[in-house]
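> Listed here are the chains, written in short residue letters.
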Amino acid sequence: MKNNWVDLCFADINMPVMNGIEMIEKMLEDHMLEKLPVVIVSTEGSKTRIEELFRKGVRAYLRKPITPEIVRNVVKEVLGDYDAK
Amino acid sequence: MMQNEERKILKEVCFGVFEQLAFMFGDELEDDEIEAEGNRFLQASMGFKGPKKQGTVEIVVPMTISKLLAINILGLEEDQIIDEDSAIDALKELLNTITGRLMTTLFGEDVVVDLTIPATEELDHAAWEELVENSQYLAITIEETPVLVSIQS
Numbered sequence: 011m012k013n014n015w016v017d018l019c020f021a022d023i024n025m026p027v028m029n030g031i032e033m034i035e036k037m038l039e040d041h042m043l044e045k046l047p048v049v050i051v052s053t054e055g056s057k058t059r060i061e062e063l064f065r066k067g068v069r070a071y072l073r074k075p076i077t078p079e080i081v082r083n084v085v086k087e088v089l090g091d092y093d094a095k
Numbered sequence: 512m513m514q515n516e517e518r519k520i521l522k523e524v525c526f527g528v529f530e531q532l533a534f535m536f537g538d539e540l541e542d543d544e545i546e547a548e549g550n551r552f553l554q555a556s557m558g559f560k561g562p563k564k565q566g567t568v569e570i571v572v573p574m575t576i577s578k579l580l581a582i583n584i585l586g587l588e589e590d591q592i593i594d595e596d597s598a599i600d601a602l603k604e605l606l607n608t609i610t611g612r613l614m615t616t617l618f619g620e621d622v623v624v625d626l627t628i629p630a631t632e633e634l635d636h637a638a639w640e641e642l643v644e645n646s647q648y649l650a651i652t653i654e655e656t657p658v659l660v661s662i663q664s
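As given, the protein sequences belong to chains C and S, one line each in that order.
So the working numbering is basically just the index in the first sequence, starting at one, shifted up by 10.
So the working numbering is basically just the index in the second sequence, starting at one, shifted up by 511.
Treat the hints as calculated values from the structure; they're not laboratory data.
The reader is advised that the hints may include incorrect statements.
Cross-link-like lysine to any residue pairs, in silico, SDA-like; alpha carbons within 25 Å at most [claimed, not checked]:
hint	chain 1	residue 1	chain 2	residue 2
1	S	Lys560	C	Tyr71
2	S	Lys519	S	Glu541
3	C	Lys74	S	Thr616
4	C	Lys74	S	Thr627
5	S	Lys519	S	Thr615
6	C	Lys74	S	Thr631
7	C	Lys74	S	Glu517
8	C	Lys45	C	Leu89
9	S	Lys519	C	Arg73
10	C	Lys45	C	Glu87
11	C	Lys74	S	Phe526
12	S	Lys563	S	Phe618
Throw the hints in and build the complete structure from the sequences for me.
Structural data, given as C-alpha cells:
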C-alpha cells in the first residue's frame with residue numbers, strides 16, 4: 011500500500027500473515043495510511059468483533075456472501091458518487 | 512459424533528451458502544445413495560476456537576464439482592479452462608463462508624470465535640470411501656454430486 015496509490019481498502023478479518031484487525035492497527039500507526047478508508051468483507055458475525063472494528067475506524071462492514079450491487083453501494087457510500095462511476 | 516441439532520444446522524447453513532455464493536442447490540442424501548465417480552477429491556478444513564468450544568469444520572468434494580464452484584464463484588464462463596489453484600481457492604472461500612455462518616448460528620452473535628485459514632488436501636477414492644463410512648461426516652448432494660461436511664469439536 012505504501013508503494014501504490016490506494017483510494018479504498020477492502021480487507022477480510024481472517025487472512026494469512028496478519029489478520030484484519032492487526033492490519034488496521036498497523037495502518038493507524040502510519041501517517042500515510044491512517045486516513046485510508048477500510049471496508050471489511052468477512053464471514054465474521056460476532057457483534058463484539060464488528061463493534062471493535064468500527065471503533066478502530068472501519069468505514070463499512072460487509073458480511074459474505076456479497077453481490078456486486080452491495081460492493082457498488084458501499085463504494086458510493088464511502089467515496090461518493092463520483093468515484094463509484 | 513455430531514448431535515442431531517448440529518447436523519440440521521450444518522445442513523441448512525451449507526445449503527444456504529451453496530445457493531447464495533455459488534448459485535448451486537442442495538438436497539439431502541442417504542448414506543446408501545452416495546456414489547461418486549473419479550479418483551480425485553478435495554478436502555478443505557479450517558479450525559475454530561471460541562470461549563467454550565473449539566474444533567474443525569471440513570468439506571470434501573469430488574474435484575469435478577470444485578471446478579464448477581470456481582466458475583460460479585468467480586463468475587467465469589463454462590468453457591474457460593479452470594486451473595486447479597482457482598478450484599482450490601473457490602472451495603476455501605466456500606468453507607470460510609460456511610464456517611462463519613455456522614459459528615453465529617451455533618454460538619450466537621455476542622461470542623468472538625477465532626478462525627484459522629482454510630487448508631486443503633487432495634484425497635483418492637479410497638480415502639473418500641473411508642470418510643463416507645465415518646459417522647462424523649454428513650452427506651448432502653449439490654447439483655446431484657455428493658458432498659461430505661463435518662463439524663468436529
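> Take the hints in turn and mark each one as holding or not.
Here's how the hints hold up against the structure:
no. : hint                : in the structure
1   : S/Lys560 - C/Tyr71  : 22 Å, holds
2   : S/Lys519 - S/Glu541 : 14 Å, holds
3   : C/Lys74 - S/Thr616  : 15 Å, holds
4   : C/Lys74 - S/Thr627  : 17 Å, holds
5   : S/Lys519 - S/Thr615 : 15 Å, holds
6   : C/Lys74 - S/Thr631  : 21 Å, holds
7   : C/Lys74 - S/Glu517  : 22 Å, holds
8   : C/Lys45 - C/Leu89   : 13 Å, holds
9   : S/Lys519 - C/Arg73  : 23 Å, holds
10  : C/Lys45 - C/Glu87   : 16 Å, holds
11  : C/Lys74 - S/Phe526  : 15 Å, holds
12  : S/Lys563 - S/Phe618 : 9 Å, holds
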